Amino acid sequence: MAIKVKVVERPIEDVSYVRATLKGMALTVKHLFDVQGRVTTQYPEEKSPISPRWRGTHRMLTTETGKARCVACGLCPTVCPANCIKLVPGEDEEGNRYPLVFEIDEFRCIFCGYCQEVCPEEAIHVGRHYENSEYSREGFVYDLQRLMDQTHPVCEMWDPEDPKGE
Amino acid sequence: MSVIHGFPALLQAADPNLPPVSGMAFFIFTIVKMIIIFTIYMVGVAMLTLAERKISAWIQDRHGPNRVGKGWLQPAADGLKNFMKEETMPEGVNKPLFVLAPILSFIPALTAWCVIPFGAPWPTRWGRIDLVVADLPVGFLFILAITSLGVYGIVLAGWSSNNKYALLGGLRSSAQMVSYEISLGMSTIPVLLLAGNVSLNSIINQQAWGGWNVVNLTVAFFIFMVAAFAETNRLPFDLPEAESELIAGYHTEYSAMKFSLFFIAEYASMVTQSALMATLFFGGWDVPFTAHDNIGPYSKWLSLLSIGIFLTKILFFLFVFMWVRWTLPRFRYDQLMSLGWKFMLPLALAYIVLIAAVLLGLSAAGIDEGYMYAAILGSVNLGVIIILFVILDRGRIISPAYGRMHPREIERLRQLDKQLEKRRPIPAEAGS
Chain A
11 MAIKVKVVER
21 PIEDVSYVRA
31 TLKGMALTVK
41 HLFDVQGRVT
51 TQYPEEKSPI
61 SPRWRGTHRM
71 LTTETGKARC
81 VACGLCPTVC
91 PANCIKLVPG
101 EDEEGNRYPL
111 VFEIDEFRCI
121 FCGYCQEVCP
131 EEAIHVGRHY
141 ENSEYSREGF
151 VYDLQRLMDQ
161 THPVCEMWDP
171 EDPKGE
Chain B
21 MSVIHGFPAL
31 LQAADPNLPP
41 VSGMAFFIFT
51 IVKMIIIFTI
61 YMVGVAMLTL
71 AERKISAWIQ
81 DRHGPNRVGK
91 GWLQPAADGL
101 KNFMKEETMP
111 EGVNKPLFVL
121 APILSFIPAL
131 TAWCVIPFGA
141 PWPTRWGRID
151 LVVADLPVGF
161 LFILAITSLG
171 VYGIVLAGWS
181 SNNKYALLGG
191 LRSSAQMVSY
201 EISLGMSTIP
211 VLLLAGNVSL
221 NSIINQQAWG
231 GWNVVNLTVA
241 FFIFMVAAFA
251 ETNRLPFDLP
261 EAESELIAGY
271 HTEYSAMKFS
281 LFFIAEYASM
291 VTQSALMATL
301 FFGGWDVPFT
311 AHDNIGPYSK
321 WLSLLSIGIF
331 LTKILFFLFV
341 FMWVRWTLPR
351 FRYDQLMSLG
361 WKFMLPLALA
371 YIVLIAAVLL
381 GLSAAGIDEG
391 YMYAAILGSV
401 NLGVIIILFV
411 ILDRGRIISP
421 AYGRMHPREI
431 ERLRQLDKQL
441 EKRRPIPAEA
451 GS
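Residue numbers (my numbering), protein chains in the order written: chain A, 11 to 176; chain B, 21 to 452.
Chain A with its partners taken away, still in its complex shape (with noise of 0.2 Å):
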């Protein structure tokens, strides 16, 4: 059990203080007056851009006459690991299936992605969008009407093929 004395002779810039001190005052003092390099995005004003693949609170696609594209086929609901889409289907007189009932608890969703990758119609979407406050938490319960009109650009996949997304 030998004691290992190791003595680092230091030169005198590394243990001087005061020439460290005056080192980072000026350091300081040029980013004081750096204007150009103020980095802080001023939020409600401007926006840190987003990725295509960024996926956000719901969005159903509609038909050219204003229908929701859902036929009621129950993938999402059963797809769902957090159990958050709420599905009752219906079907109309021609026997297209339509949902009577489709409300996602957006509280519940864990933003996974997975409705959208399943749904055959490519009805429902997780889109680009992230301003989601609500007075109450039954107002993050969206409804289809609701779903219908979001505006909000939809989440591009990620395609195997072009792995980068160029």
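Please keep in mind that the hints were generated in silico from the structure rather than gathered at the bench.
Below 27 Å or equal to it, Euclidean Cα-Cα: the simulated DSSO-like pairs (lysine-lysine) are:
no.: 1; chain 1: B; residue 1: Lys74; chain 2: A; residue 2: Lys33
no.: 2; chain 1: A; residue 1: Lys57; chain 2: B; residue 2: Lys90
no.: 3; chain 1: B; residue 1: Lys105; chain 2: B; residue 2: Lys115
no.: 4; chain 1: A; residue 1: Lys33; chain 2: B; residue 2: Lys362
no.: 5; chain 1: B; residue 1: Lys90; chain 2: B; residue 2: Lys105
no.: 6; chain 1: B; residue 1: Lys90; chain 2: B; residue 2: Lys74
no.: 7; chain 1: A; residue 1: Lys96; chain 2: A; residue 2: Lys77
no.: 8; chain 1: B; residue 1: Lys74; chain 2: A; residue 2: Lys57
no.: 9; chain 1: A; residue 1: Lys40; chain 2: B; residue 2: Lys74
As the structure is a prediction and not an experimental result, all values here were calculated from the model.
Fit chain B to the given chain A structure using the hints.
Same frame as chain A, now just chain B:
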């Protein structure tokens, strides 16, 4: 007096031997001075919080507060918030002391201002008004006495809060302030030696004739500045607060306006210390490169100019306070103590002896105050600074993270290591 008549009156130079105002006029003008100073001081302190946030933001490549009235109304918004907030009174606090502490830390910083002269005398038809609230003959001693009371507020806050972190902050603060107060007092003795008087006006007058003390007594200025940083609990001496160790130190348990008072007290004492640095070492309100302004003839323009010059000097030192705060990290406790006791105090004492000897030599050589006088003192200071920088600034001023060891001690440990190496059993060879 109408505006038209008032304007030429400003230019008019008054009689140099104008007597000071007396009687009822003195009483009224003193009250007016008190009200004006208090108002400007409080508004200034509020704007300083904004300046601090802006400067910190700019140093850190941010924009700083720019929402409430483009940022200018931020102090008003802060004040409003602090008035509206709940006054918490934690369980187990010593109520009278808990309430008294913020007041006690606030009053001394404010009181010290009443003896600081802030401008050349203002001539009126009633007589000469000295631009100082109370021209005490013991001016500087009064400031030393009053500013040292500031520690009571912090210690009482730490004690009465019934909180271990607050108590630790209070303890650290008392140790720090007591340690650095000695250096602070000692560093000003050369100034008093030069001026031959403790009244602040005579210190300013001496600098108008004999050059600023920052040239004459550079080392004393640096000691004073470091001690002033410690006295105001600003970084790198903010051990009483030490967010990362003590939550917020002595004001952990305070909320709303009581907390705000501590904040105001910190900035108020910053202003006071800046004013002291300007007065003691940078010629106070003295207009640079002129000497006639201190004897008259007085005019109102000269008074306004000297007030402006004094404010500029104060603002410069306040900027240095903030600049240093956002540059330097906090000292370790042992560094704080060794800097105060093992470096600054001996240096200040040795410096008093040196300056006293030089002054004695100068008076024996018959050199009067003037350029020659300042040049000799300045070169002595330059020599001292070079010696300090070359000899002491090698990890001796602020001890580094690794311990310093005498070369002999290192050699002893190395020998010990060699002996133990010999005694160590030879490791068995693998496979034998």
